[in-house]
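Given next are the chains, with one letter for each unit.
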Amino acid sequence: MLMVLLILSILMFLLYNLVPANRAYTDAKTDMTAMKNQLKGKSSEEQAKIFEDLYHEYQKRYGTDTKNMAVKYLRWIGVYPNAYDQYNGLLQGNFGWSYENKKPVLETIKDPMANTIKINIFATIFGLGITIPLGIYCAIRKGKKIDQAVQVFTIVGYSLPAFIICIVFIWIFCSILGLFPPSGMKTPGSNYTGWAKFADEAKYLALPLITMTFCSLGGMTRYVRASMIDSLSLDCIRTARAKGVKEKTVIYSHAWRNALIPIVTQMVGWFLSIFGGSLMFENIFGLNGMGKLMIQSLRTADYDVIILLQMFYVAVSLIGNLVIDIVYGLVDPRVRVNK
Amino acid sequence: MKETKKRSGWLRRLFRGGSKTLVEDNPSLAVEEIVSPFKQIVRGFLERKLAVGALCVLICMFIIVFIGPLFMPRYYDSYTETTQQNIAPGLGMMSVPAELKDDIKMIDGYGSFTVGLSNAGKVYVWGNTYDPVNGVDMEQIPEAVQNSKIVAVAAGIDHAVAVDEAGHVYAWGDNKRAQYGYFTPDQEVGMDVVSMPEGLANGTETIDADHILKITCGYQITAILMDDGQLYIWGNRKAYSNMDAFVGKEGLVDIDFTLNNIVGLTEARNSVFTGKRGLYDKFKETLTGKAVGAREFLNGRKIKQIVATTKNVCGELDDGSLFFVGDAIGALDPVPAMHPGEGFVSIAAGTYHYAGITTEGRVLAWGGNTLLQTSVPEDTKGTAKLYCGAFQTYGVNDGDQLVTKWGNKGYLFGTDKYGADIFQRIIQGGRMTMTIGAVAVIISVVIGIIVGCISGYFGGKVDMLLMRVTEIFAAIPFLPFALILSALMAQMNISENQKIFLLMVILGVLTWTGMARMVRAQVLVARENEYVTAAKAMGVRESVIAFKHILPNIVSIIFVSLTLDFATCLLTESSLSYLGFGVTYPRPTWGNMLNGVNNATIIKNFWWQWVFTSIFLAITCICINIVGDALRDVMDPKSDRDK
Chain A
1 MLMVLLILSI LMFLLYNLVP ANRAYTDAKT DMTAMKNQLK GKSSEEQAKI FEDLYHEYQK
61 RYGTDTKNMA VKYLRWIGVY PNAYDQYNGL LQGNFGWSYE NKKPVLETIK DPMANTIKIN
121 IFATIFGLGI TIPLGIYCAI RKGKKIDQAV QVFTIVGYSL PAFIICIVFI WIFCSILGLF
181 PPSGMKTPGS NYTGWAKFAD EAKYLALPLI TMTFCSLGGM TRYVRASMID SLSLDCIRTA
241 RAKGVKEKTV IYSHAWRNAL IPIVTQMVGW FLSIFGGSLM FENIFGLNGM GKLMIQSLRT
301 ADYDVIILLQ MFYVAVSLIG NLVIDIVYGL VDPRVRVNK
Chain B
340 MKETKKRSGW LRRLFRGGSK TLVEDNPSLA VEEIVSPFKQ IVRGFLERKL AVGALCVLIC
400 MFIIVFIGPL FMPRYYDSYT ETTQQNIAPG LGMMSVPAEL KDDIKMIDGY GSFTVGLSNA
460 GKVYVWGNTY DPVNGVDMEQ IPEAVQNSKI VAVAAGIDHA VAVDEAGHVY AWGDNKRAQY
520 GYFTPDQEVG MDVVSMPEGL ANGTETIDAD HILKITCGYQ ITAILMDDGQ LYIWGNRKAY
580 SNMDAFVGKE GLVDIDFTLN NIVGLTEARN SVFTGKRGLY DKFKETLTGK AVGAREFLNG
640 RKIKQIVATT KNVCGELDDG SLFFVGDAIG ALDPVPAMHP GEGFVSIAAG TYHYAGITTE
700 GRVLAWGGNT LLQTSVPEDT KGTAKLYCGA FQTYGVNDGD QLVTKWGNKG YLFGTDKYGA
760 DIFQRIIQGG RMTMTIGAVA VIISVVIGII VGCISGYFGG KVDMLLMRVT EIFAAIPFLP
820 FALILSALMA QMNISENQKI FLLMVILGVL TWTGMARMVR AQVLVARENE YVTAAKAMGV
880 RESVIAFKHI LPNIVSIIFV SLTLDFATCL LTESSLSYLG FGVTYPRPTW GNMLNGVNNA
940 TIIKNFWWQW VFTSIFLAIT CICINIVGDA LRDVMDPKSD RDK
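Those protein sequence lines, which keep their order, are chains A and B. When we follow my numbering, the leftmost residue of the first sequence carries the number 1, and every step to the right adds one. When we follow my numbering, the leftmost residue of the second sequence carries the number 340, and every step to the right adds one.
Looking at chain A on its own, in the form it has when it is part of the complex (with noise of 0.2 Å):
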């Protein structure tokens, strides 16, 4: 797995290096203009070699005084000193400088990640407490006009791209009812605390919420529904029927779990899914959080913002992978004993 990562960020990084983006000599030339006043009555030559100091000296700070990819990888990495003779990577906690906010890396990212991890977990847990009894109740009652209904419904849901589901979503309830802000984190100019900055959020983030487990719902329910209908045509379920068990139970306790088994990891990979998916909500309902960022930073060129903002996404993912197998040998206890 760390392999994989490995591999994933020398493609990245070599990604990045293909876009013609020359920092140093874009802030060699400002600083020069900066300096205008200094720089009077000297003569051209001189400051050529003002310049060209300058550039190089940027150059030196953003390891671009060599051409060698391989170098450039490892001192992004930290593992390999730059021209300073310092290690200054990844390694040793410097994730890079963001040339539109003007402060680092880190600093940038650190309040947009909070925000999209705390709407993705209330939507994960918005998205499970519907789709899971959703999903048992259309199984028990397969066939019946209620699941048909259920099953159009859920297929729509999924069919329907995430943007248009929002564009309805904002018409419904902000242009018709006008229940909602249609964008946004909070009210602007408002300085709330405690409570009142609890409930402004709560109606800021109300929309967005109920779009993202909206959009949710088509995929999970019919995937909680179909393990459900597996389980429950088990040769089990029909012995504990025929000892007489009561129906609550043997839907709960003996199909249930068997049909936890394959929604456990379906459930991991959803979640993992929505942090990719949430790039879209944030978007369009102006949202600080990550996936607003990279478009920001992706439109102002903001190279380093993106990379680590893409590692992260990788990482999220590998880890998800990871959780993924270890769950499914909590949930499932014939997997440990293949082992």
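Source of the hints: derived by calculation from the structure; they are not laboratory data. Each hint should be verified, as a subset may be incorrect.
Heads up, incomplete: computed chain B residues facing chain A, CB under 8 Å, no partners named [claimed, not checked]:
id: 1; residue: THR605
id: 2; residue: ASN609
id: 3; residue: MET806
id: 4; residue: ALA826
id: 5; residue: LEU863
id: 6; residue: VAL864
id: 7; residue: GLU867
id: 8; residue: ASN868
id: 9; residue: VAL871
id: 10; residue: LEU918
id: 11; residue: ALA939
id: 12; residue: LEU956
id: 13; residue: ALA957
id: 14; residue: ILE961
Within a straight-line C-alpha distance of at most 20 Å, the following computed SDA-like cross-link-like pairs (lysine to any residue) qualify [said to hold, decoys possible]:
id: 15; chain 1: A; residue 1: LYS142; chain 2: B; residue 2: ASP972
id: 16; chain 1: B; residue 1: LYS838; chain 2: B; residue 2: ALA860
id: 17; chain 1: B; residue 1: LYS943; chain 2: A; residue 2: GLY286
id: 18; chain 1: A; residue 1: LYS145; chain 2: B; residue 2: LEU389
id: 19; chain 1: B; residue 1: LYS943; chain 2: A; residue 2: PRO181
id: 20; chain 1: A; residue 1: LYS145; chain 2: B; residue 2: GLU386
id: 21; chain 1: B; residue 1: LYS388; chain 2: A; residue 2: PHE153
id: 22; chain 1: A; residue 1: LYS142; chain 2: B; residue 2: LEU824
id: 23; chain 1: B; residue 1: LYS943; chain 2: A; residue 2: PHE180
Chain A residues, not near chain B, derived (Cβ > 10 Å throughout) [stated by the list, open to error]:
id: 24; residue: GLN38
id: 25; residue: LYS42
id: 26; residue: LYS102
id: 27; residue: ILE130
id: 28; residue: ILE146
id: 29; residue: SER190
id: 30; residue: ILE237
Predicted, not measured: the structure shown is a model, and the values here were computed from it. Ideal placement from N, C-alpha and C gives every residue a C-beta, glycine not left out.
Fit chain B to the known structure of chain A by using the hints.
Frame of chain A, contents of chain B only:
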């Protein structure tokens, strides 16, 4: 008797193939008819009404999207039209009200609506009259206009002007840029406008209604020209750079507006007056002909009348021939061939097109034809006068009855913020969206099949290696990575088509992992089958076994997965384009057509800009998913049919 029959039956069964009757008589012995798996799949599929319906819709969609563009020869991607922005759906832009039809005094139009005036002095408005941004509805004609006998009307982009027989000047519509109403000199300077004369604005002054030579509106500007050469002009100076030359100008005999300039005709009738040197002073015989100086061109002839479109001006000379000044931009139809000795009697101009009546009574049209403005119908008999709206032309006979009309009826799905027809863009965009989705899916399936087959069939170290590679690709978070790649792509110096192809490759390369894993799993199962052992025993090469013996056996499952992947790729492309990466304006896709729709105002006011596109995208995706699901259920014998 009975006995013999029975026995003969027994004999028949034994020797003459009579056992069939036994089977027919006794249903419990009946053998189910053997059908090939393919037939069974088709049969099972046809049993599902929903899936069949979805397939039909899908096929229709494909036909519309791939054949539809053939019927739009005039469409091009970067089409923009300032006067036709954000128009609501409707086909009523040419529907002259029934009461007006037989009693037309004049018709005028500049933007999306048209005003008409009857000889009885009643004003009618039709077309797209409501502008959600300004909240102005042109159909709400002021009481004063309705109650008095109007003698002249004119329509601008968002306002209309009317003069009654007593000489009062009325106006309605939007007046944020001094289209009407009085503005103090301070306000005038601040807004860069020229105000309507105070007296006219508040109704204390009147003009001589019997001596109005011409009343016309441009983009947020109005001009009333009297037959003694006096000119009233007011409106948005920012839109018309040479407006100052006309304020207080006297001695004009004709006036009209191009998009950015005012053009006039002085009493000398030997040049186009603009108040600016070098503007509209080179005369051409045809729209695209060689330009020469005014004196040389006219050679003593006088200009009778001038009419202006957006970029150029057409004039009629006293010998019945035409001249043009200004640029010929875009595809313009030339003036139709004239018969010898035929000249023009009168001409009129819309936003891009001209129409004229000749001495032989023929009706001709030329100029811009993007919205069918120059497609004159066959039957134009009796046309004596022509009135041009923005993109429509109305022919009226001597009895003031409407005899013919042609031009733009309206927009079925409305227009977008650039003024382009959404219906056309949906069809063109659909082709792009589907092509990208299809090619991406093919790329992903090809990679997936190759990797999956090799990995599954050979196993061991090859499998190990390939599965690690698959893992790496699977670990890439899809949307963020696709975003980054397309952002990088946007900075590369390559052509638009190459970018779109690269986008397909990116989508394909990022989505093949699922397919590879599935194929591998299927191959692992299939390679234990007897026929593989048999093939091996016969010494068939391994690669042949993998691709020729095993692959056909798992092709049905691949096909299902392909269907569902197609929907995914479609969605991904749309999402990328929606976020402004992927395919970018002006090239339409269903995703980037929704790009601008992300705030509550647009969603509410310009609902047609997202509803139709969303419906097309949604229906396509839902149908693909329904078909894919049905196929999977039908092909998988384990899945219960009674679901």
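> Does the alpha-carbon distance linking B/LYS943 and A/PRO181 stay inside the 20 Å limit?
Replying inline: Distance of about 14 Å is within 20 Å: holds.
> Going straight from one Cα to the other, do A/LYS145 and B/GLU386 come out at no more than 20 Å?
Replying inline: Distance ~19 Å between A/LYS145 and B/GLU386 Cα, so the pair holds.
>> Less than 8 Å between beta-carbons is the criterion; does B/LEU863 satisfy it with respect to chain A?
In response: violated, 17 Å
>> Interface hint check: B/ALA826, Cβ to nearest Cβ on chain A, cutoff 8 Å. Holds or violated?
In response: B/ALA826 check passes; min Cβ-Cβ to chain A is 4 Å, inside 8 Å.
> Would the stated hint for B/ASN609 survive a check requiring a Cβ distance to chain A of less than 8 Å?
Replying inline: violated, 56 Å
> Is the interface hint for B/THR605 satisfied, with its Cβ closer than 8 Å to some Cβ of chain A?
Replying inline: Violated: closest Cβ of chain A sits about 53 Å from B/THR605, beyond 8 Å.
>> For A/LYS142 and B/LEU824, compute the direct alpha-carbon distance and say whether it is at most 20 Å.
In response: Cα-Cα ~44 Å, so violated.
> Measuring from the C-beta of B/LEU956 to each C-beta in chain A, is the shortest one below 8 Å?
Replying inline: holds, 7 Å
> Quick one, is the B/VAL871 hint okay against chain A at 8 Å, beta carbons?
Replying inline: violated, 27 Å
> Is the Cβ of A/ILE130 farther than 10 Å from every Cβ of chain B?
Replying inline: Nearest chain B Cβ is 21 Å from A/ILE130, so the label holds.
> Against chain A, with CB atoms and a cut of 8 Å, does the hint on B/ALA957 hold up?
Replying inline: Hint holds; B/ALA957 Cβ to chain A Cβ min 5 Å, cut 8 Å.
>> Hint check: B/LYS388 vs A/PHE153, CA-CA at most 20 Å. Holds or violated?
In response: Holds, because 17 Å separates the two Cα atoms, which is no more than 20 Å.
Going down the numbered hints, you'll see the structure goes against 1, 2, 3, 5, 6, 7, 8, 9, 16 and 22, while the others check out.
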